[in-house]
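Visitor: Please construct the entire structure, taking both the sequences and the accompanying hints into account.
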Amino acid sequence: MKRIINLDLKLKIFIMAGLIILIGLSFGCNKNFDNVLPESFKNDTAGLGNNSKKVLYIIMDGVKGSVLESLSPANITEITQKAIYSYDGLADFQNNQLTNAAAWTTMLTGVDYTKHKVISENFNGLNLQVTPTIFTRIKESLGGVRAVSIAASAGFNDNLAADASVKQTVTDDAAVKAAVVEELSTNDPSILVAQFHSAEVEGASAGYTTTAPGYTNAIQNIDGYIGEIMKALKARKTYTTENWLVVIASNKAGGLSGGIDNIYDDLSRNTFVAFYNPKFVVTAISQPDISNLPYVGTAPRFASNASISPKALLNSNTSIGNFGVSGNFTMMYKMRDDLGTGSGFPAFLGKQVTLGSSTGWYYFRGGNNIQSIFSGASTLQGAAVMNDSKWHTYAITITTSGSTRTTVFYIDGVSRSSTNVGVTNRDNTAPLRIGADLGKNTNFMIKDLAIFNVAMSPAEVIKNMRIQIRPANTYFGNLLGYWPFDESSGTVAADASGKGNNMTYSGPVQFIPFSEVSPNISPEISAAAYAAVPNGVDIPVLIYNWLNIAVPSQWGLMGKLYVPTVTFPIN
Numbered sequence: 001m002k003r004i005i006n007l008d009l010k011l012k013i014f015i016m017a018g019l020i021i022l023i024g025l026s027f028g029c030n031k032n033f034d035n036v037l038p039e040s041f042k043n044d045t046a047g048l049g050n051n052s053k054k055v056l057y058i059i060m061d062g063v064k065g066s067v068l069e070s071l072s073p074a075n076i077t078e079i080t081q082k083a084i085y086s087y088d089g090l091a092d093f094q095n096n097q098l099t100n101a102a103a104w105t106t107m108l109t110g111v112d113y114t115k116h117k118v119i120s121e122n123f124n125g126l127n128l129q130v131t132p133t134i135f136t137r138i139k140e141s142l143g144g145v146r147a148v149s150i151a152a153s154a155g156f157n158d159n160l161a162a163d164a165s166v167k168q169t170v171t172d173d174a175a176v177k178a179a180v181v182e183e184l185s186t187n188d189p190s191i192l193v194a195q196f197h198s199a200e201v202e203g204a205s206a207g208y209t210t211t212a213p214g215y216t217n218a219i220q221n222i223d224g225y226i227g228e229i230m231k232a233l234k235a236r237k238t239y240t241t242e243n244w245l246v247v248i249a250s251n252k253a254g255g256l257s258g259g260i261d262n263i264y265d266d267l268s269r270n271t272f273v274a275f276y277n278p279k280f281v282v283t284a285i286s287q288p289d290i291s292n293l294p295y296v297g298t299a300p301r302f303a304s305n306a307s308i309s310p311k312a313l314l315n316s317n318t319s320i321g322n323f324g325v326s327g328n329f330t331m332m333y334k335m336r337d338d339l340g341t342g343s344g345f346p347a348f349l350g351k352q353v354t355l356g357s358s359t360g361w362y363y364f365r366g367g368n369n370i371q372s373i374f375s376g377a378s379t380l381q382g383a384a385v386m387n388d389s390k391w392h393t394y395a396i397t398i399t400t401s402g403s404t405r406t407t408v409f410y411i412d413g414v415s416r417s418s419t420n421v422g423v424t425n426r427d428n429t430a431p432l433r434i435g436a437d438l439g440k441n442t443n444f445m446i447k448d449l450a451i452f453n454v455a456m457s458p459a460e461v462i463k464n465m466r467i468q469i470r471p472a473n474t475y476f477g478n479l480l481g482y483w484p485f486d487e488s489s490g491t492v493a494a495d496a497s498g499k500g501n502n503m504t505y506s507g508p509v510q511f512i513p514f515s516e517v518s519p520n521i522s523p524e525i526s527a528a529a530y531a532a533v534p535n536g537v538d539i540p541v542l543i544y545n546w547l548n549i550a551v552p553s554q555w556g557l558m559g560k561l562y563v564p565t566v567t568f569p570i571n
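Each residue of the sequence shown is one higher than the last, beginning at 1 in the working numbering.
Hints may be right or wrong, so weigh each one.
[Claimed, not checked] Capping the alpha-carbon separation at 25 angstroms, the derived lysine to any residue pairs in SDA-like fashion look like this:
id, residue 1, residue 2
1, Lys167, Asn124
2, Lys234, Asn548
3, Lys463, Ala528
4, Lys440, Pro484
5, Lys463, Thr298
6, Lys463, Tyr475
7, Lys279, Pro73
8, Lys440, Lys463
9, Lys115, Leu128
10, Lys115, Asn127
11, Lys82, Val566
12, Lys237, Lys279
13, Lys117, Asn502
14, Lys463, Leu267
[Said to hold, decoys possible] Label pairs and their computed distance ranges (CB to CB):
id, residue 1, residue 2, range
15, Val145, Pro552, 46 to 52 angstroms
16, Val423, Ile285, 56 to 62 angstroms
17, Val145, Glu460, 37 to 43 angstroms
18, Ile308, Ile525, 36 to 42 angstroms
Read the hints as simulated data drawn from the structure, not as lab findings. Even for Gly, the Cβ is constructed at its ideal location relative to N, Cα and C.
Guide: Written out as structure tokens, the structure is:
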């Protein structure tokens, strides 16, 4: 009996030893995998996961995404292989003048300047009680964790890092790198923010381009600093038990900003953003193709015949459309002619008491082409077909120089004719008129009629005739009147210039919804097209989720959550 018991005990010991060996082998197989994410990681804010999650947030001022992509610096390029990243990121998609202060505040609060109010470099308008930073939110949510801010710019720390448990403002980017390496080597931060500023200094001095050596050298230096920081991060004694989210992001790029119709063309907003963890599946995000977006909206249709006379009149101010004998002007509009083959010379837009009178001007259709005439002057021929049921753009500039008054007529971004119409006074008391009040046999829709008290350059005419005029536009203050014709009902065609020169619809005007891809028009791009790439407001959302901080709707964050695809190797 004793021998049987001893054999049974030996068998159990053997099995136990085998299990220990297997466990040891298992740990050995996983040793090559950095920082395995817990399978409990989810894209919610219910406090899942454990306290090993940490964040390293590196901000690179003035680093343009497109330049960084061209340079392909070694360390950042390596990071993108385990990251959600984009070289087409946007600081924001507003039409404000972008500054470092505004961009930093967006990146640390998760709201843009429409909420945090920061525009100027002196942080005027900032109210951290209303829009707290990540340092404040983390302190309130997690208690006494170590939150560190190391910055090359005093304004960054002084204004945005008040609630960091440790903040250091150092002399330059090299000192930022050294301080970050020291922090990672000797302390235990839950979030560590590092702000580099040298690329912004060089870009502002010589240009944010690949042809500016000082700028590109600064970016390469920052990349080297990031390489040293990542080396220090992975050398931490506790690194294998920690889960680090590394965020690397530009605050903004450089150049003129604001007043640009397509925000992707505003190079001051072109940023790089990367969310990195060794277990993230690489996900590259590019800007969407916006070249084939449809022109969408509602427009009034003026379909007239001998008995039907739909029209819009500006009775409230009959001086609008009088161009006098001096001064410079620009007028533009978009139109779609659905009449098909017609006869006669139906007028559709003008300012005359009666058609063909000795004063005023009007546009009319001559055969299948558009034409314009100033009474007593030569007809301006528009050598372009207008009766193809497609949206086209039209503009005219009036420039006065002594006794010479020159009109230049544009169709679809092309200058079609230039005529000296003289300085004869053609003003009258007739209202500005659209539709059948001038003539019969029309069938057209019109949008964005704008009259400016300045003659734009050819380049500015071509640019502005394609878009819808917004308050941020350079020439918005020069508007005498602007009628988008966005109405879908009613009798008022609102003047969007702020001058109060509303037009009045009468007759059977129809309001027609449309959607058409037109090469002649740059349609407004929806916010969804800009939100398709990472924006500055998105960064805090992932940081909070990573740290298992619930994000209530009351915080009013404006960003979206980027959910990583994660690998879980089994050997």
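Visitor: For every hint, state whether the structure bears it out.
Guide: Taking the hints in turn, this is what the structure says about them:
1. Lys167 to Asn124: holds, 22 angstroms
2. Lys234 to Asn548: Distance ~22 angstroms between Lys234 and Asn548 Cα, so the pair holds.
3. Lys463 to Ala528: It holds: about 23 angstroms lies between the C-alpha atoms, which stays within 25 angstroms.
4. Lys440 to Pro484: Answer holds: Lys440 to Pro484 is near 24 angstroms, not above 25 angstroms.
5. Lys463 to Thr298: holds, 22 angstroms
6. Lys463 to Tyr475: Cα-Cα ~12 angstroms, so holds.
7. Lys279 to Pro73: holds, 22 angstroms
8. Lys440 to Lys463: violated, 32 angstroms
9. Lys115 to Leu128: Judged against 25 angstroms, a Cα distance of about 11 angstroms means the pair holds.
10. Lys115 to Asn127: Holds, because 10 angstroms separates the two Cα atoms, which is no more than 25 angstroms.
11. Lys82 to Val566: Holds, at about 10 angstroms.
12. Lys237 to Lys279: holds, 19 angstroms
13. Lys117 to Asn502: violated, 32 angstroms
14. Lys463 to Leu267: Measuring from Cα to Cα gives roughly 17 angstroms; hence the hint holds.
15. Val145 to Pro552: 46 to 52 angstroms: violated, 20 angstroms
16. Val423 to Ile285: 56 to 62 angstroms: Given range 56 to 62 angstroms: holds, Cβ gap about 57 angstroms.
17. Val145 to Glu460: 37 to 43 angstroms: violated, 53 angstroms
18. Ile308 to Ile525: 36 to 42 angstroms: Because 37 angstroms falls inside the window, the suggested range holds.
When each numbered hint is compared with the structure, violations occur for hints 8, 13, 15, 17.
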